[in-house]
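**Q** Top to bottom, those sequences are chains A and B.
Taking the working numbering, the leading residue of the first sequence gets 1, the next gets one more, and so forth.
Taking the working numbering, the leading residue of the second sequence gets 325, the next gets one more, and so forth.
Hint data in this document are derived by calculation from the structure and do not stem from the laboratory.
Positions of the beta carbon are idealized from the N, C-alpha and C atoms, including for glycine.
It is possible that part of the hints are untrue.
[Stated by the list, open to error] Derived coverage of chain B by chain A (criterion: at least 3 residues anywhere in the stretch with Cβ under 8 Å from a Cβ of chain A; other residues may be distant):
| # | segment |
| --- | --- |
| 1 | 418-424 |
| 2 | 488-496 |
[Said to hold, decoys possible] Far from chain A, by Cβ distances over 12 Å, these chain B residues were calculated:
| # | residue |
| --- | --- |
| 3 | Y330 |
| 4 | I343 |
| 5 | A346 |
| 6 | E377 |
| 7 | L471 |
| 8 | A580 |
Next come the chains, spelled out residue by residue.
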Amino acid sequence: MVSRMTTTYAVLSEGLVKRFGAVHALRGLDLAVAEGTVCGLLGPNGAGKTTAVRLLTTLLAPDAGSARVAGHDVVREQDAVRRAIGVTGQSASVDVELTGRQNLRLFAKLHGMRGAAGRERAAELLERFDLADAADRAAGTYSGGMRRRLDLAASLLTRPRVLFLDEPTTGLDPASRNRIWSAVHELTAEGTTVLLTTQYLEEADRLADHVVLVDQGRAAVTGTPAELKARIGSYAQVVVADEDDLPQAASVLDQLTGARPQLDTATRTVGAVSMDPTLTLPRLVRELDGAAVPILDVSLRPPTLDEVFLRLTTAADSRKELVT
Amino acid sequence: MTSLAYDSTAMLGRQLQRIKHAPGVLILTQTMPISMLLFFGYVFGSALAMPGEEYRAYLVPGLLVATAAGGLMTGMFHAAQDSHRGVMDRLRTLPMSRAAVPVGQSAADLLTTALGMVPLMLVGLAVGWRIDSGPLGALGAFGLLMLLRLATTWAGLFLGLLTRSEEAAGQLGSATFMLPLLSNAYIPTDRLPGWLRTIAEWNPISAVASAVRDLCGNAAPAADAAWPVAHPIAGSLAWCGLLLLVFGPLAVRRYAHNGR
Chain A
1 MVSRMTTTYA
11 VLSEGLVKRF
21 GAVHALRGLD
31 LAVAEGTVCG
41 LLGPNGAGKT
51 TAVRLLTTLL
61 APDAGSARVA
71 GHDVVREQDA
81 VRRAIGVTGQ
91 SASVDVELTG
101 RQNLRLFAKL
111 HGMRGAAGRE
121 RAAELLERFD
131 LADAADRAAG
141 TYSGGMRRRL
151 DLAASLLTRP
161 RVLFLDEPTT
171 GLDPASRNRI
181 WSAVHELTAE
191 GTTVLLTTQY
201 LEEADRLADH
211 VVLVDQGRAA
221 VTGTPAELKA
231 RIGSYAQVVV
241 ADEDDLPQAA
251 SVLDQLTGAR
261 PQLDTATRTV
271 GAVSMDPTLT
281 LPRLVRELDG
291 AAVPILDVSL
301 RPPTLDEVFL
311 RLTTAADSRK
321 ELVT
Chain B
325 MTSLAYDSTA
335 MLGRQLQRIK
345 HAPGVLILTQ
355 TMPISMLLFF
365 GYVFGSALAM
375 PGEEYRAYLV
385 PGLLVATAAG
395 GLMTGMFHAA
405 QDSHRGVMDR
415 LRTLPMSRAA
425 VPVGQSAADL
435 LTTALGMVPL
445 MLVGLAVGWR
455 IDSGPLGALG
465 AFGLLMLLRL
475 ATTWAGLFLG
485 LLTRSEEAAG
495 QLGSATFMLP
505 LLSNAYIPTD
515 RLPGWLRTIA
525 EWNPISAVAS
535 AVRDLCGNAA
545 PAADAAWPVA
555 HPIAGSLAWC
565 GLLLLVFGPL
575 AVRRYAHNGR
């Protein structure tokens with residue numbers, strides 16, 4: 001990690017631990033997000049993503065480990081951290097009983113933007129996020145997408161250096177999701193560092209420069225979306241002539257890849273993620289032929305992030321191979 | 325300190341805006357004591373040994389104090405409501421004064437309570453209550469009512485933050501409705517069994533009710549009562565001071581650290 005010496009990190013955490021009673025939400029999370037980049041924390045529910053955001057945004061105190069956000073310690077320099085960040089999503093929200101405009105003006109005041117400055121910034125953001133028409137309605141009457149946009153607007157009042165987005169598009173329709181995504185693209189173009197959590201691999205793929213797969217409170221794998229896919233090799237898929245041939249094809253794939261193959265009886269398909277970069281199509285065909293599996297179709301393609309993720313979270317022993 | 329004042333004013337504004345958007349709860353809590361005055365004063369009052377008008381004059385200060393003590397319920401409700409909503413998390417990520425949320429909340433509450441007591445006093449005057457002491461006594465009584473409101477609101481804010489849900493806070497809050505029943509707010513305590521009388525007279529509500537009756541010239545404090553009722557002004561100040569001293573710092577601490 002020579003680069004750590006020269007790069008400025010907007011978010012840097014070492015060994016973050018957080019327990020809730022007997023539950024270990026985080027078991028030593030290390031993160032390094034370079035300034036001006038987008039980092040995606042990817043993981044299923046309960047992986048520790050939201051806990052990580054709450055620790056980094058001063059909403060929770062860690063039981064062990066340390067973290068700096070925008071150069072400030074999240075425990076000892078809370079106010080400095082709070083001045084540098086914006087938070088959106090399930091970790092921070094708006095007041096449903098106030099109108100959109102009242103919400104933004106309130107948060108602007110609490111950020112120390114007084115009088116006309118806050119009023120103008122609120123109007124500007126309402127315009128930018130297409131909320132000008134609904135600005136004087138209670139936020140409780142907004143649709144899910146509007147609410148999320150108001151939420152994002154509230155996080156951008158002060159043009160934060162680091163923006164935390166906690167599952168920013170969960171539960172949104174595709175159109176609303178696209179609007180949030182393009183807003184994030186605009187922000188990163190302006191140089192804002194973004195740390196986002198998501199359950200959607202497509203979202204991480206679209207937005208993130210770096211993806212951190214979080215599993216059971218630890219960073220299981222880190223890399224660019226392309227690196228992760230390259231490191232995990234390829235996805236081998238076989239279509240057999242008869243449903244009865246599926247188990248046999250599966251056992252060949254099992255031996256070749258070491259991963260538990262996914263069977264689909266309806267399409268008579270079996271597939272598995274291979275970690276082996278030397279696995280080629282001819283070799284795959286030869287092995288299947290050698291086992292006398294009647295095959296209709298064979299393919300070898302780069303895995304989707306979904307498949308990468310499934311492989312990582314279902315096969316515990318594969319983690320050793322990946323963490324280098 | 326200037327940031328506390330500024331942030332608290334912003335939170336006060338938020339609270340008033342919320343009331344403006346949903347005035348129903350406020351109207352209900354303000355009209356409740358008036359209907360209780362009419363119900364207790366005319367229905368129950370007819371069965372009491374005390375003549376009707378005399379009882380209604382006794383009842384009005386009690387209802388004013390019960391209304392003030394309702395800060396416990398509203399405080400609990402507001403704190404629980406806020407702490408279980410995402411907006412509190414946003415507030416905690418802002419570089420604002422930690423005490424501004426409860427300070428703004430209780431300031432808004434004092435304002436609305438002060439206004440809400442006016443109709444009750446007017447109806448009270450119409451059914452037989454009198455201020456026999458003059459403006460200074462009345463002002464003192466009003467000040468004590470506001471002090472009790474402030475103290476009970478802060479106790480409520482702290483207790484509300486401890487509850488696990490809005491529903492739990494609502495139920496617990498409704499139970500505080502019973503507190504004035506075990507005091508001299510609605511009935512004199514001198515004919516209660518000894519032990520019960522002691523409990524009722526050590527209820528902070530009894531001290532403030534006696535103080536209001538004393539300051540308005542309605543009734544002199546009973547010399548044979550427990551200390552806070554026999555010396556109602558000092559007793560009221562002591563009770564409210566104690567509540568504020570205990571629950572103020574606890575509530576501020578809890579607001580800053582909730583969920584950590």
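**Q** Non-interface claim for Y330(B): all C-beta distances to chain A beyond 12 Å?
**A** violated (8 Å)
**Q** Are all C-beta atoms of chain A more than 12 Å from that of A346(B)?
**A** violated (6 Å)
**Q** Beyond 12 Å from every chain A Cβ: check whether that's true for A580(B).
**A** Contrary to the label, A580(B) does not stay out of reach of chain A, its closest Cβ about 10 Å off (not over 12 Å).
**Q** Closer than 8 Å, Cβ to Cβ, for at least three residues: run that test on the segment 418-424 of chain B against chain A and report holds or violated.
**A** holds (count 4)
**Q** Are there three or more residues in the segment 488-496 of chain B whose C-beta lies closer than 8 Å to some C-beta of chain A?
**A** violated (count 0)
**Q** Non-interface claim for I343(B): all C-beta distances to chain A beyond 12 Å?
**A** At about 9 Å from chain A, I343(B) fails to clear the 12 Å cut-off, so the statement is violated.
**Q** Does the claim that E377(B) lies off the interface hold, with its Cβ farther than 12 Å from every Cβ of chain A?
**A** holds (43 Å)
**Q** Minimum Cβ separation between L471(B) and chain A greater than 12 Å?
**A** holds (28 Å)
Of the numbered hints stated above, those contradicted by the structure are hints 2, 3, 4, 5, 8, listed in ascending order.
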